[in-house]
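Let chain A serve as the given structure and place chains B, C, D, E and F on it in line with the hints.
Protein chains in written order, with the numbering used here: chain A, 1 to 253; chain B, 1 to 253; chain C, 1 to 253; chain D, 1 to 279; chain E, 1 to 279; chain F, 1 to 279.
The set of hints was computed from the structure by calculation and includes no laboratory data. What you are looking at is a predicted structure, and each value in this text was computed from that prediction instead of being measured. Treat the hints loosely; a few may be bogus.
[Claimed, not checked] Each pair of labels, with its calculated beta carbon distance range:
#, chain 1, residue 1, chain 2, residue 2, range
1, D, 192, E, 39, 51 to 57 angstroms
2, A, 149, D, 92, 22 to 28 angstroms
3, A, 9, F, 15, 41 to 47 angstroms
[As the list claims (entries may be wrong)] Over 10 angstroms on every C-beta distance to chain B, these chain E residues come out as not near it, computed from the model:
#, residue
4, 13
5, 70
6, 105
7, 134
8, 136
9, 173
10, 181
11, 220
12, 253
[To be verified] Below, computed lysine-lysine pairings styled on PhoX-like, alpha-carbon distance capped at 25 angstroms:
#, chain 1, residue 1, chain 2, residue 2
13, D, 14, D, 257
14, D, 247, B, 69
15, A, 100, F, 271
16, D, 176, E, 174
17, F, 236, F, 20
18, D, 162, A, 184
19, E, 174, C, 228
20, D, 257, D, 271
All residues carry an ideal CB built from backbone N, CA and C; glycine is no exception.
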Amino acid sequence: MKSDKKLIDENGKRLDGRGPDQLRNIKIEAGVLHRADGSCYLEWGGNKVIAAVYGPREAIPKHTQNPLKAIVKARYNMAAFSVDDRKRPGPDRRSQEISKVTSEALEKIVLTDQFPRAAIDVNIEVLDAEAGTRCAGLTAAGVALADAGIPMRDIPVACAAGKIGAENNDGMFSGGFVVLDLGKEEDNFGNADLPIAIAPRTNDIILLQMDGHLTFDEFEHALDLAMKGCQEISKLQKEALLRRYKSDVEVEE
Amino acid sequence: MKSDKKLIDENGKRLDGRGPDQLRNIKIEAGVLHRADGSCYLEWGGNKVIAAVYGPREAIPKHTQNPLKAIVKARYNMAAFSVDDRKRPGPDRRSQEISKVTSEALEKIVLTDQFPRAAIDVNIEVLDAEAGTRCAGLTAAGVALADAGIPMRDIPVACAAGKIGAENNDGMFSGGFVVLDLGKEEDNFGNADLPIAIAPRTNDIILLQMDGHLTFDEFEHALDLAMKGCQEISKLQKEALLRRYKSDVEVEE
Amino acid sequence: MKSDKKLIDENGKRLDGRGPDQLRNIKIEAGVLHRADGSCYLEWGGNKVIAAVYGPREAIPKHTQNPLKAIVKARYNMAAFSVDDRKRPGPDRRSQEISKVTSEALEKIVLTDQFPRAAIDVNIEVLDAEAGTRCAGLTAAGVALADAGIPMRDIPVACAAGKIGAENNDGMFSGGFVVLDLGKEEDNFGNADLPIAIAPRTNDIILLQMDGHLTFDEFEHALDLAMKGCQEISKLQKEALLRRYKSDVEVEE
Amino acid sequence: MTISPVIKQEHLYKLVEQGKRADGRQFNQYRPITIEPGIISKAEGSARVRIGNTQVIAGIKMSIGDPYPDTPDSGVITTAAELIPLASPDFEAGPPDQQTIELARVVDRGIRESEVIDLGKLCIIPGEKIWIIFIDIHIIDYDGNLFDAASLAALAALFNAKVPITQLMPMLEKIKEQYPDAAGYLQEHPEDYPLPLRDPPISCTFVKFNNAIVVDPSIDEQDIAEARITVATDPKGDIRAMQKGLKGSFTADEIKKIIKDSVINGSDIRKILKESVGT
Amino acid sequence: MTISPVIKQEHLYKLVEQGKRADGRQFNQYRPITIEPGIISKAEGSARVRIGNTQVIAGIKMSIGDPYPDTPDSGVITTAAELIPLASPDFEAGPPDQQTIELARVVDRGIRESEVIDLGKLCIIPGEKIWIIFIDIHIIDYDGNLFDAASLAALAALFNAKVPITQLMPMLEKIKEQYPDAAGYLQEHPEDYPLPLRDPPISCTFVKFNNAIVVDPSIDEQDIAEARITVATDPKGDIRAMQKGLKGSFTADEIKKIIKDSVINGSDIRKILKESVGT
Amino acid sequence: MTISPVIKQEHLYKLVEQGKRADGRQFNQYRPITIEPGIISKAEGSARVRIGNTQVIAGIKMSIGDPYPDTPDSGVITTAAELIPLASPDFEAGPPDQQTIELARVVDRGIRESEVIDLGKLCIIPGEKIWIIFIDIHIIDYDGNLFDAASLAALAALFNAKVPITQLMPMLEKIKEQYPDAAGYLQEHPEDYPLPLRDPPISCTFVKFNNAIVVDPSIDEQDIAEARITVATDPKGDIRAMQKGLKGSFTADEIKKIIKDSVINGSDIRKILKESVGT
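The shape of chain A in the complex, shown without the other chains:
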C-alpha cells in the first residue's frame, strides 16, 4: 500500500501534528474490572483496549499443564465493532499470530517457576482499533499482570517505530523518515513498521516484528526510537499502578 500521500512535512511535522519522536496520547487505568484478578484499560491515540488477567489457577485441560512451571496464555481479540468493516466474531489468523507472539513475550517476564501446573490467562480485548493495537494490548497486559499481583521480572511494555515517506512504484527506495509510533494513515501508507516489546529495566527485546523496507541504518534508528518510546510508556504504566495502589489505600483508610 504505497502512495504519494505526504505523511510528513519539511519541518518534520506529521499529519496529526506530532514530531518524529513523539508518541500519541496514552491514558492508562489499572484495576477497572470487578471479576478479573487484575485488569487495565488503556487508550492510545484512537485505540481502546482492556486487558484482564486470571490466575495463577490450575491449567485445564490437564494435559496442557507443565509440571515445572506456569503457562502464560494470552488471547488477543478484536471486538466486532472495533474496526471500519465489522469483523466476524472469533479468532482469525492475524489474531492467532498476535496471541502467540504476545504469549511468548509475556512468558519470558513472568516468574512461571513459582506456579507449576498453573495457567495465567491474559485476555486482551480491542474495543476501538486505530494502528498499533498489538503494542497497546501488550502494554495493557503488563499493567493487568502487575495489578493481579503476578510476580514478574519486570513490567513488559511495547511500542513501535516505523518509516514514512516516498517510495517509487518499482519498489526502489528513495528516502523516508523514521518516526515513532505510527498513526492510522502512517500505518496504511507508510513504508515500514517495527513493533517491539521490551523488559524496560534491561532493554531485553521480548517481541519484535518488522514489515516493509528499512536500510540497516534506518533499522538502528527505528529500534532506538521504539526503545525510547517503551521507556516513556513504562513510566505511564507505573504511574497508573501507583494511582491504583493509592486508591486502594484510601479505600482502606
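Below, chains B, C, D, E and F without anything else, positioned relative to chain A:
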C-alpha cells in the same frame, strides 16, 4: 410479520374451522422404537415428532458428571426435510435455544437425585414441522421418559396459546383474539405466541416463552387457555401410556 | 460421465499406447523420509504419493486405545496443488471414505495383537493426482509399513481394473473392454472402475470398491486382471524394499 | 463441589427469609444503572451499560446488503453476543455455547418482535439493497443479570447510532450507477441520520430461590437461583417478550406479580435510557 | 471390554457352524421389509423403510440452483445421512463421522453412478438453472444393515417425489422474467410431476464371520462381523456398485457367490419397492 | 518429561561453549540446501526444498477471481501451510494451529510486503477479473528451520510458475464474451507466461541458547532454543521483514549482528535459488 389476513371470523371460527379454545388433532403412540429405552411418536396437527430416551447411563465425558444427581440433556433437532426450504443438517441457534429450555424444563420433573453421575438423554426429532414443534417435542419427550421408566414427579406436557387479529402498521395494538394452539398461518401472521410447559398435577410452569404483544389481561387469558390445553393433552399422554402398557401385558400373556 | 470418446482402438491399443492388461509405469522408493519410522515414495503413471508410518506408539487420546491390540489409522490426504482445480486443505468426504477403507484394509494385515494399546499411524499424501490415487496410496503404505519394521502377515498391494468402451445414452450397455489400471481419460470417460487391495501371498481381498456397470462375466475378468496387476506390483514393492535394505547394509559397511 | 457454594446458599436463603438481600437491596430493587453512549469511535453506535459491577458494551455496525427474498423492502438485524473470557473466570473462548446463544436470541427478539427498529425505513432500493444492522454485545465484567444489561446496552447503542451515509458514500455512489432509483434515497438522506426507532420495551429479569423472587440478580443470587424469568414491557405496560430459564418452576400467580413489577422497574429504567441517549 | 460381547460371539459362531442364525433365518434370508412412501408432508418425496427392527426415513427436498460448470445441462444430487442419537445408544450428535460419510457416499454412488435419476431432464434453462435434489436419510432405529435400509429408503423416497412446480411457481415466474427461455420448460411442466427415474439397482449387504457369510446382518451379527460387502445389482443381474468394509477379507470365490445371492435377493426387494411405490 | 531432553540440552550447551554444534557446523553455517523446481505436474509451479533433512514442497495454483474492492486492479495472493502428520511424530491432523498460522503468515508477508510479485500485472479486467495465486506449502520431513525452508520453497515455486492461459482458455473466452475489454489482455498474453516477479528477499533464521546464536537450527537446537528470529534481506542488504519468536529475548546488539549475518547467508542462498530456477 403482520398482515391484514383475516385469521378468525366474526363467529370465532378460525381458518381451519377450530374454535378459539380448541386444540388441533393430537395422536400419541408410546414405545415405537426398538433400540431406545423409551420412545414416543406424536402427531399434532401437521407436526410429526419422535422422542427417544436413553438412560440413566454413565454421563460421558466424565467432567460433565454431577456427583449428586443425573443430568438431563435434551437435544431438539429438525430433519432436513421437515420444513419448506430444506434445513442444513446440524444444530442451528434456534435448535440450541430450544434444546436448552427443554433440558431445563425436564430436569425439574425427573427425580435426578436417584442417579448420581448419570445422564438421561432425550432426543427429539422433528420429522414434519407446522407451528408448535417445541411443544410437540416436549410433550413427546414426557411420554418417552415415562415409557423408559424414568422416575418423575409428574409427566411434563406443553401447549401454546396466542393472539391473532389486527395490528396497525405502526405497531399500535387495535384488538385481537386470544386463542389456543396456533396453527401454521396463525403462527406466521399472529400477534403473539405463548408456549408453556407444566407439571400437570400442580400446574407449576416449567417452560415459558413469549413473543409478540399482549396486554396484561390478554396474557392472563392466554396463560389460562394454555394451561387448560396442557391438561387436555396430559390425558392423551396417559391414554397412550396405558395402551402401551396393555399391549405389553397382552404380549406377555 | 459417459462420452463417445474412443478410449481403445480395434487392436486393443489404449490412448496411452498400453495394451488391455498393461500397467502404467510404476516407480517405488522406500525409506525416503528422515523423521518417519518408515516411508515410501511412489510414482504410478502421473500419480505421485508419499506414505509415512509412525508407530507402534501409545495411542492418544487414551480412550481410543484397544487393550488387546494396536489400532491402525490411515489418513489419506490430497495436497492442495495435486489436482487441476486447487483443493481446499483439510479432509473432504471423499478423503474420509478412502481413509476409512484403507485403515480397515491395513488392519487386517498388521499383526496388531503384538502391540496392545498402541497406534500405528499411516499417512498417505497425494502430491500429484491422475486416476488411481487410492491404489497408489495403499501400495505405498504397504512399503512404508515394511520399511518401519511393522510385523505383517504380508505386504498389502492395490490395483484397479475397469471397463472402457461405449454405452448408449439411455444407460443400456452395448459392449466394452475390460482393461487393467485405468488412466486419467479412461477414468473420466470409462464405464466401470474396480479398485482392489489384496494380501498377495493368499490373494485375500482386503479392499474392494466398484462403480459403474459390469456384467458378471466382466466382473470376473476385471477381478482377475486386478489381482494379476497386484501380483506384478507386489514384485516392485519387494524390489524397492531390497534396494533399501542393501543401501542400509552398504552404509553400515 | 467445594463447601463454599453451600454456605453461600444457606446464607442467602436465611437472608431472604428475613426479607433481605446480601447487598442490602429490596427484593424489587435494581443495583445502580449507568449508561454511557458513544464510547466506541469505530462503531456506528455504541454504549457501555453498568448494572452494579456487571459491565456490557454494545456496538452497532451497519453495512449495505441484499434483502431476504421474503422481506424485499426491509432492513436486516443480526445480533451476536460474546461471553469473552475477559469477563469471568468461568467463560471460555470458543464458538458460542447455549448460554450465549440464548442471551443473543432473547436480546434479538426483544428488539425484533417488538419492532423497535422500523426496518421498512432501512431500505435503499426495494428488492435490491437494504441496510444490515449488526448488534454486537461484548460482556466485559460479569456480575450477574446479563439479560437486562445486554438488552439495555443494545438499545442504548441503537439510539446512539447514525446511519453511516458519509463513510459509505463511495459505495452508495456505485450503487446509484447500477440502480438509478437510489438517487431518491440519497437525496432524502444526504448525510448521516439516526436510526428510525420506536419507544422500546424494557427487559426486567427476576430469579426465584427459597420461595423468594428478586429482581436484577447478583452473580451469587444467580448461582443459587432455581428459576429465572425475563419480561419485557412497553411504555403502555403491555408485555412484548418473556423468557423463562433454569430448572425451577413458577406458578401462574408468581408470573403475574413479576409482570407487574417489570412494568414498574421498566418505567424507571426507560427514564435512565432516555436521559442518557438524549431523546 | 465386558464379557458379554465374547459370549455373544461364541453363541453366534456355534450357531453358524450348525447352519443357523440367532433369529432363525437362513444365511441368505432377509428380515421382513416394509416400505411406507409419502409419510412426510413437507418433503417433495419421502419413505419409511423397515428391515426387521431397523427403521430409516428418507426425505427428498428440491430447490432451483445453478448447474456445475462442467455439467451445464444437468440437475444435481446431494445425499446426506444422519446417524442421530435417537437411533442407537452408540450414535453421538456432531458432524458426520467416517461411518456416516461412508454410508451417505455409498447410497449416493448407488443412485448417481447407475443413473437412476435422469439428471439431463432436470434442467430448466441450459447452463443457467437446474433442479437440485437433496436426499436426506434419517436413521430412526438402528438394528443392523443400514446400507440396505438407507439405499432402499432413498430409492422409495425418489419414486414418491414430485417436482414442486406449484410451490415454487413464484420463483419460476421470476426466472422466466430473467430468462425468457424458461417459458418452454414451464409450458411442458405446468404442474408437479414425478422425477424422471430408471429401474434402479438394489443393494444387498452381507457379512462374514467364522467362515460363514450371511445376508442382511442383524446388529449382533454386524458387531462381530469380520468383513462386510454391499453389492448393487440391476434388473438384468448386472453389477452397478460394490463396497467392501471392515477389517476382514473375502476370497474371489466368496465374492462371486455373494454377487449371485445379491441378484436373487435384489429381485425380491425390487418387487417390494415397486409394489409400495406403485410403479 | 523424560530425562533425555535434559541430557540433549546439556550436550548442546557444552558444545556451544566450545564454539561447536552437534553436526559440526559453524554457528553461521547452513546445512546443505537443494532446490528442485517443477516436480508437480498438476501445479502451475512447484519446488521441493531440502535444508539438511528438512524437506518442504510448495505448489502454486492459479485461478481467475474477483478483485478486492480496495485494490480493484491487483491480483491476490493466498498462502497456506500444512504441517501434516507425515512430517513429524509431533504434528497432528486438524485445522491449522498457531504454529502453522505463524509460519504461513511470515512466509506470506515475506512475499507480499516486499512485493516479490507485481500484483498490478495480474489484472485481467480492471475492477472485474484478476488472477488469484494460491501458495500451498506442504511440510514433508521436519528436521528444523521450517521458516527458511518454507519461504525458499514458496519463492522457488513462484519462479517456476507459469500463468495457465492455455488451460483456462475456455474460461477466458467466456470472460471475453462478457467483458470485451479482455481482448487486450488475451492479445498480449496468447500463451502461458512466467509470473511477473522481482528479485526476492531471502529469509534467514537464527536461534539463541546458552548465550550462543546459531543460524539454520536443527530440530534438536530448535527444541532447546530460548529465542528465535527470522530476518529477510534483499539483494541490496536492506531489511524487508523480521519475526521474533519463542520465549527468550534478544539484545539490540544481538539483533544487529544477526541482520549482518542474514545478509551474508541470504546472498549465498539467493545464488542457489537463481541457479536452480534458471533466472
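Now for the hints, and whether the structure bears them out:
1. D/192 x E/39: 51 to 57 angstroms: Given a distance of about 55 angstroms, which is inside 51 to 57 angstroms, the answer is holds.
2. A/149 x D/92: 22 to 28 angstroms: The hinted range 22 to 28 angstroms holds for residue 149 of chain A and residue 92 of chain D, with Cβ atoms some 23 angstroms apart.
3. A/9 x F/15: 41 to 47 angstroms: 55 angstroms, violated
4. 13: Non-interface label stands for residue 13 of chain E: nearest chain B Cβ at 24 angstroms, farther than 10 angstroms.
5. 70: Answer for residue 70 of chain E: holds, closest chain B Cβ roughly 24 angstroms.
6. 105: It holds; residue 105 of chain E is separated from chain B by about 15 angstroms at its closest Cβ, greater than 10 angstroms.
7. 134: Check fails; 5 angstroms does not lie beyond 10 angstroms.
8. 136: 4 angstroms, violated
9. 173: 18 angstroms, holds
10. 181: 25 angstroms, holds
11. 220: 12 angstroms, holds
12. 253: 36 angstroms, holds
13. D/14 x D/257: 23 angstroms, holds
14. D/247 x B/69: 13 angstroms, holds
15. A/100 x F/271: 34 angstroms, violated
16. D/176 x E/174: 23 angstroms, holds
17. F/236 x F/20: Violated. Residue 236 of chain F to residue 20 of chain F sits at ~31 angstroms, over the 25 angstroms cutoff.
18. D/162 x A/184: 23 angstroms, holds
19. E/174 x C/228: 58 angstroms, violated
20. D/257 x D/271: 22 angstroms, holds
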